[in-house]
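A.B. asks: Protein chains in written order, with numbering that gives the first Met the number 0: chain A, 0 to 629; chain B, 0 to 144.
It is worth saying that the hints were derived from the structure and are not from the lab.
Among the hints, a few may not be true.
Output of the computed footprint for chain A on chain B, the stretches with three or more beta carbons under 8 Å from beta carbons of chain A [unchecked claim]: (1) 31 to 38; (2) 48 to 59.
The calculated label-pair distances, taken between Cβ atoms and stated as ranges, are [to be verified]: (3) A:410 x B:109: 45 to 51 Å; (4) A:509 x B:105: 36 to 42 Å; (5) A:401 x B:127: 42 to 48 Å; (6) A:491 x B:127: 48 to 54 Å; (7) A:459 x B:18: 35 to 41 Å.
For clarity, every value in this text was computed on a predicted model and none was experimentally measured.
Where a beta carbon is used, it is the ideal one built from N, C-alpha and C, also for glycine.
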Amino acid sequence: MVAKVYKRSAVRIAVLLFAGVLVCILATTATSQDAGAVKKVLVLYWDTKDFSGNISFDQGFQAGLNAEPNSRWELFSEYLDSTRFPGEHQAGLLHDYLREKYSGQKIDVVIATPDPALDFLIRNRKDLFTDCPIVFVAVRRPSIEVLRAGAGLTGIIRANTHRKTIDLALKLHPDTRELFVISGTPELDKRFETLSREELAGYEKRIRITYLTDLPLPELLNRVRQLPQGSLILYVWQRFALKSEKSLQTTQVLEKIRQNTSVPIYGMGSRNIGYGLVGGYVQDSERNGLEAAEIVRKILNGKRAQDIPVDSAASVPMFDWRELKRFGISEASLPSGSVVRFKEFTFWEQYKWRIVGVTTLLLLQTSFIVILLVERRRRRLAKDALDQLNAELETRIEARTAALNAKSRELETFAYSVAHDLKAPLRGIDGYSRLLFDECSGSLDDEGRSFLQTIQASTDEMNQLIDNLLAYSRLERRELKTDRIELTPMVRALVEEKKREGADQEVDFVVDVNGATVVADSSGLAQSLRNYLDNAIKFTRKVSTPRIEVGSKENARSCLLWVRDNGIGFDMKYHDRIFDIFQRLNVAEDYPGTGIGLAIVRKAMERMGGRAWAESEPGQGATFYLEIPK
Amino acid sequence: MSQTQPGPIRPILLVEDRAMDVDLTKRAFAKRKLLNPIEVARDGEEALAFFDRWEAGEPLPICILLDLRLPRINGLEVLRRLKNHPKFSTIPVIVLTTSTEDRDIEEAYKLGCNSYIVKPVEFDKFLEVASKIELYWCALNLPSR
Chain A
0 MVAKVYKRSA VRIAVLLFAG VLVCILATTA TSQDAGAVKK VLVLYWDTKD
50 FSGNISFDQG FQAGLNAEPN SRWELFSEYL DSTRFPGEHQ AGLLHDYLRE
100 KYSGQKIDVV IATPDPALDF LIRNRKDLFT DCPIVFVAVR RPSIEVLRAG
150 AGLTGIIRAN THRKTIDLAL KLHPDTRELF VISGTPELDK RFETLSREEL
200 AGYEKRIRIT YLTDLPLPEL LNRVRQLPQG SLILYVWQRF ALKSEKSLQT
250 TQVLEKIRQN TSVPIYGMGS RNIGYGLVGG YVQDSERNGL EAAEIVRKIL
300 NGKRAQDIPV DSAASVPMFD WRELKRFGIS EASLPSGSVV RFKEFTFWEQ
350 YKWRIVGVTT LLLLQTSFIV ILLVERRRRR LAKDALDQLN AELETRIEAR
400 TAALNAKSRE LETFAYSVAH DLKAPLRGID GYSRLLFDEC SGSLDDEGRS
450 FLQTIQASTD EMNQLIDNLL AYSRLERREL KTDRIELTPM VRALVEEKKR
500 EGADQEVDFV VDVNGATVVA DSSGLAQSLR NYLDNAIKFT RKVSTPRIEV
550 GSKENARSCL LWVRDNGIGF DMKYHDRIFD IFQRLNVAED YPGTGIGLAI
600 VRKAMERMGG RAWAESEPGQ GATFYLEIPK
Chain B
0 MSQTQPGPIR PILLVEDRAM DVDLTKRAFA KRKLLNPIEV ARDGEEALAF
50 FDRWEAGEPL PICILLDLRL PRINGLEVLR RLKNHPKFST IPVIVLTTST
100 EDRDIEEAYK LGCNSYIVKP VEFDKFLEVA SKIELYWCAL NLPSR
């Protein structure tokens, strides 16, 4: 039995131990699950869901919560709505409702905004969200006791900005003499007037302040309609809970006031901007939401609410651009950091960068076009200048050519005239010397007759010279006449002519011209060949068996003709000089000549685009060539 | 040859400005026993003045020896007027000049000269020329009397 009891106790201990281990494991699991569990956050708003301030706050708040990476949270929103449902009884009903509703939910943090919501929570904390830290956004700072009580309380104080707003308004409207403060609550409790009076204490010395508090709407509108010049309205807050008609929101009231007055309206509510306020130092609800979310995140991450100091919310100078314009207030005169809402952007402001871009592009394009046009103009001018220069050059060349031609003609005429006029006296000398010889030779001795013969020989020489000069000069002036010429008959005729002329001289002529046909100036070609033949005959005169060959050869571009002799030849260093006019290599007594014959050949060939040259060795004969182009 | 009439030996008209050439020509013809008298015009104007004398009844020359280079009115102009003349255009004209220019030769023949002879420098050749002129123009070309 004892053993049995013992055994049973052992089993019990084992079961207990197992249970304990199990609990521990479960607890650990639960804790680790808690760390990643969804946090539940409740926001208790004062006004309704549609209230613009609430909407802005919600946007900021949710954005703030989402800023934490991997955060998991669930948001609940509740609305006090005490303006529409005022009184302790309604507050009690709401308390009961919330208590019942959230009895099964463990809310991690409650947010209250603004003061009425906070007041409600503090009042009911003993049985509503008792263990839940509260984060508030309110105007009044809760007492130290309240802050330290329960699960903790912290938040941000939205400082009243009445004074800053008035200072700003007076700066922008320096002629202000009177200030009208508009506020009113459905409870008619003058709560906002009291607050404003506290805030504006001291300003009475500078301006007259009139409080238009809790006036019925028609009377209020009537008052604002009659405000004197130099007045300002400070719009604090005004709602009407009218039984006969739909209750008016504070923004709706503001709109009506704006429609009925000509004086500027300033205020402190960011939600009122856009409904008639010129501006003011405002608490921005969205920003408040963001700041509240930051505190909530700290608490959700394990920080105690009591350890987070209560902070003041920043106020921002905010303006309605349309109202600024209405009262002629420039943006430059606003304090730095001002937010200007409802700005109607000018075309410039709206499309500044596009305009700048497009304008820059246009300017660039225009510049390019201008550059191109300038370049084109420069080129055209340069071309014009060049054309002009060319034209001038052309004219000058023409003038110069004409002058040269005239000069050349003049010289030719001169040479021609000289040659002809030289012939007349020559004829006299020859004629009379011959008459003298014929008719008076009997009265002359041998020496006298020898003198007469010398005179006649000189006359012959002079006559020859003049004839050659005339031929040379005529060559230059004569028009070039090109014909198709068969070389063989031409050469043969010329050789026969020479044979006749030099019948006394035994020359062996060999003609081997291969029937070629050339297109050339026949007179020039005949003259050239004649001169070559004369030349050959002259320089073979002292050779025992004179031999003169005339040959030809053709190629694709030209026809080559040559006259080869076995005469005295010449030194090749003079090969070119012999074609110059009046150039002679031998003394006149040995080989009489005028020094013009070969010059005529060269000139004649040049005129028909051909060439004349010679090859030789002294004592080895010479070959004179003519090249006639095809 | 309607103007040509039988009768005394008709003259030769020599139009030449150089006295020396006139003298040599006369001598050359004389040496060749040419019987025709030689009348001389010393320039173009003098040559044209013969027109009046011929109109007045003086015998027409058997031929005219015409130099081209003449003072005042040149030989080609004399030739042109003569050959355009209704009465005297048939008188044979022998251009006797120093010019060997193609231009002058062509122009002279175009205007109607009957012969173009280049004056030779050598007197011997000149004598030959004189003979040939005499033979052709004064003997062979002469219509039967």
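A.B. asks: State for each hint whether it applies.
C.D. replies: To see whether the hints hold, each was checked on the structure:
Here the stretch 31 to 38 of chain B counts 0 residues with a CB under 8 Å from a CB of chain A, which misses the bar of 3, and the coverage is violated. Counting residues of the stretch 48 to 59 of chain B whose C-beta sits closer than 8 Å to any C-beta of chain A gives 0, which falls short of three, so the coverage hint is violated. Taken as a hint, the range 45 to 51 Å is violated for the pair residue 410 of chain A and residue 109 of chain B, whose Cβ atoms sit roughly 28 Å apart. A beta carbon spacing of about 38 Å between residue 509 of chain A and residue 105 of chain B agrees with the range 36 to 42 Å that was offered as a hint.
As the Cβ distance of residue 401 of chain A to residue 127 of chain B is approximately 45 Å, the hint placing it in 42 to 48 Å holds. With their beta carbons about 28 Å apart, residue 491 of chain A and residue 127 of chain B fall outside the hinted range of 48 to 54 Å. The supplied range of 35 to 41 Å is broken by residue 459 of chain A and residue 18 of chain B, whose beta-carbon atoms lie about 24 Å from each other.
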